[in-house]
Amino acid sequence: MLSPAERRQLTLLSVPVALSAVLEAAGVASIIPFLALLSDPQALDKSVWLRTAYHTLGSDDREQFFFAVGLVVLVLMTISNVTQGLTTYALLRFSWMRNHTLSTRLLEAYLRRPYTFFAENSSADLAKNLLTEVQQVVTGVIVQGLHLCARALVIALVAGSLLLVDPVMAVGVTVAFGGLYGAIYMVARRRLSQIGDERVRANSARFKVAADILAGIKELKLLGLERSLAASYATPSEVFADRMAKNSIIGAVPRYALETVAFGGALVIVLYLLWTGRALEESLPVLGLYVFAAYRLLPAVQVVFNGVTTVRFNLASLDVIARDMEEALRDGEEVVATEVPTLPFTESVSLTRVRYRYPSGERDALSGIDLTIRRGEWIALVGPTGSGKSTLVDIVLGLLAPTEGTLSIDGRVVTLVQAWQRNVGYVPQQIFLADDTVRRNIAFGVPPDRIDDARVIEAAKIAQVNDFIAGELPGGYHGLVGERGVRLSGGQRQRIGIARSLYRDPALLVLDEATSALDGATEAAFFAALREARRERTVVSIAHRLSTTRSFDRVILVEHGAVVTEGPPLEAIEGRGSFSVLHRGVAA
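Going by our numbering, the sequence shown runs without a break in its numbering and finishes at 601.
Quick caveat, the hints were computed from the structure, so don't treat them as lab data. Quick caveat, the model's predicted, so the values are computed rather than measured. A portion of the hints provided could be inaccurate.
[What the hints assert, rightly or not] Below, a list of computed lysine to aspartate or glutamate pairs in the EDC-like style, where the Cα atoms sit at most 20 Å apart: (1) Lys-234 <-> Glu-251; (2) Lys-221 <-> Glu-360; (3) Lys-474 <-> Glu-375; (4) Lys-221 <-> Asp-255; (5) Lys-231 <-> Asp-448; (6) Lys-221 <-> Glu-496.
Construct the complete structure from the given sequences, taking the supplied hints into account.
Here it is as C-alpha cells:
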C-alpha cells in the first residue's frame, strides 16, 4: 500500500530510530560509574576507566570530577530525551500523513472501479472504509508498528548493557519480563483476531444504520420510529465499543502485573547480591543500574506488547483496505486526464446486438438490442417497470459495458469511454445536490474561480428555474440549498439538476424521468426552451407519463429487455398497435 517514495522515507526513519536507541542505552550505561562514585568514592582508584578519565582531565579535585561525571550523565540523558522527542515527532508525522495518502489512494481506487461496483456495494460501507478503517490501519498498524520497532531496539540495547554488567541477572530479568508478556500474548492472540473481525463488522453495521436513518428522517419522524431506529443503531454501536474496550484492556492490564514482577524482581536481586557475598555498597551501583534500567525498560516493554496486540487487533482493517486496493488494481478502469479530447459526434449513436447481464444477475437485463439514434433526434423510452430502460440508458452513457455487442458513435466502436462521456449530460430522477450554493451546484465540479456565471444563468433559464433562484431564493445564486437540497421542493431540485447537465452544453442529453416532479406547463416550457437553445442537441428520455412524449420525435417501447416496437408519439399516446401495453404499464 505504500509508494516507493514512502518506503524510502520509512527506511530513512530507521536512522533516527537507531540513534535514539543507542543514546538511550548509553544514558542507561553512563549511570553505572556515577552511582559507583556516589556509593564508594574509592571506586575512582579501583576503576581503570574512571582513573584514566580523571587523569586525562588533569583535575586534582575529586569533587569536581564527581560533578563532571554527573554532568556528563545529565548531558547524555538530555541528548537522549531530545533525540527521542524529535524521533517521535518524525514517526508521528510520517504515520499521520499516511492517513491522508492512504485514504486518498483508497478513494482513487474506488473511483477506478466500474459503475456496477457502486451499484452492488453500500456507500456507507465504502465511506466507513475511507474514514475509519484507514485510520485504524494508520493508528493501529503503522504507528504502533513503528513505535514497536523503535522500542524493541531500545530494549535490545539496554538489555545488552545489563548483560555486560551481570549476565545471570540480565538473563533472569529478560526471561521474567519476556516470559510474562509472551505467555499473555499467546493466550490472547486468537481472541484479538476474533474481536478485530467483530469490530469491523459492527462498524459497518453502525455506518449503514446511521446512513439509513439520516436519509429517511422525514418518513422516520412521520411514523414515530425514532426510538426503535435508535435502538437498531445501539446494538452494533455497543458491540463496536465493547470490542474496542477489550482490545485496550488486553493491551494495558498486563502492565500492572509486570510492575509487580519488577518490584519483586528488585527484591530478588538484592537477595541474590547478598547471597553471592557482595557488600551492599559494592552492590549499590549494580542495583541502581537495574532500577534505572527498569525505569527505562518497563515503558518500552509495555509499548512493544501494546503494539503487538494492537497490530493483531487491527489486521482485519488492514485486510479490508488491502483487499479493496488489490481488487481495484485488478478490476479497475483506467483513469484518464480530464483534458481527454471529446469524441466527435456528428451522425449517430448505435447499439448493435447488445446483450447485458449484471454480474450478480441470473438472466439478461438486455438481449438483442439494435438501436440507432440520429444526431439531433429526440427519443423517448417507454415500457413497464423493470423492462430494461435504465440499463439501456446506462449503456448509452458508457456506465455499463455490454456483455456482448457494441456501442458505436458515427460508426466507430467506442474504446475510450471517457472521450464519449464528454458529449453527454445526464439528469437522474433522484437529483444529487451538494450542501453548497446554487451556483456551485449548477457548475458542479468546476473550481469556483473558473465558473462561467453567464452559462450558469443561461442553463437555469432553460431549466425554468432562474425566476425562482433570482426572485425567491434567499441569496439567489449564492444561496445554500442544504444537504441533498433539503431546503428546496422536489421540482426545484429537479430543475437545478437539469441546469447542471446543461451547464456544459452536452451534445447528448439523457433524462431518466427527470421531469417527473414538474407540472405539465413547466415541463412543456422546459422542452420548448431546450429545443430553442440548441436544435442539433440529441435527447434520450425515460418517460413514465405518456404526455411527456408529445415533444419527442420517436417513442421506443422496451419490454423484457428487448425493443418491442417504435413509432411516433401519437401512436404511443393513443395506445395503437403494440403500444397498447403502455396503457397498462405507463401513466397517461
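Results of checking the hints against the structure:
no.	hint	in the structure
1	Lys-234 <-> Glu-251	24 Å, violated
2	Lys-221 <-> Glu-360	46 Å, violated
3	Lys-474 <-> Glu-375	45 Å, violated
4	Lys-221 <-> Asp-255	19 Å, holds
5	Lys-231 <-> Asp-448	18 Å, holds
6	Lys-221 <-> Glu-496	18 Å, holds
Against the hints set out earlier in the document, violations occur for numbers 1, 2, 3.
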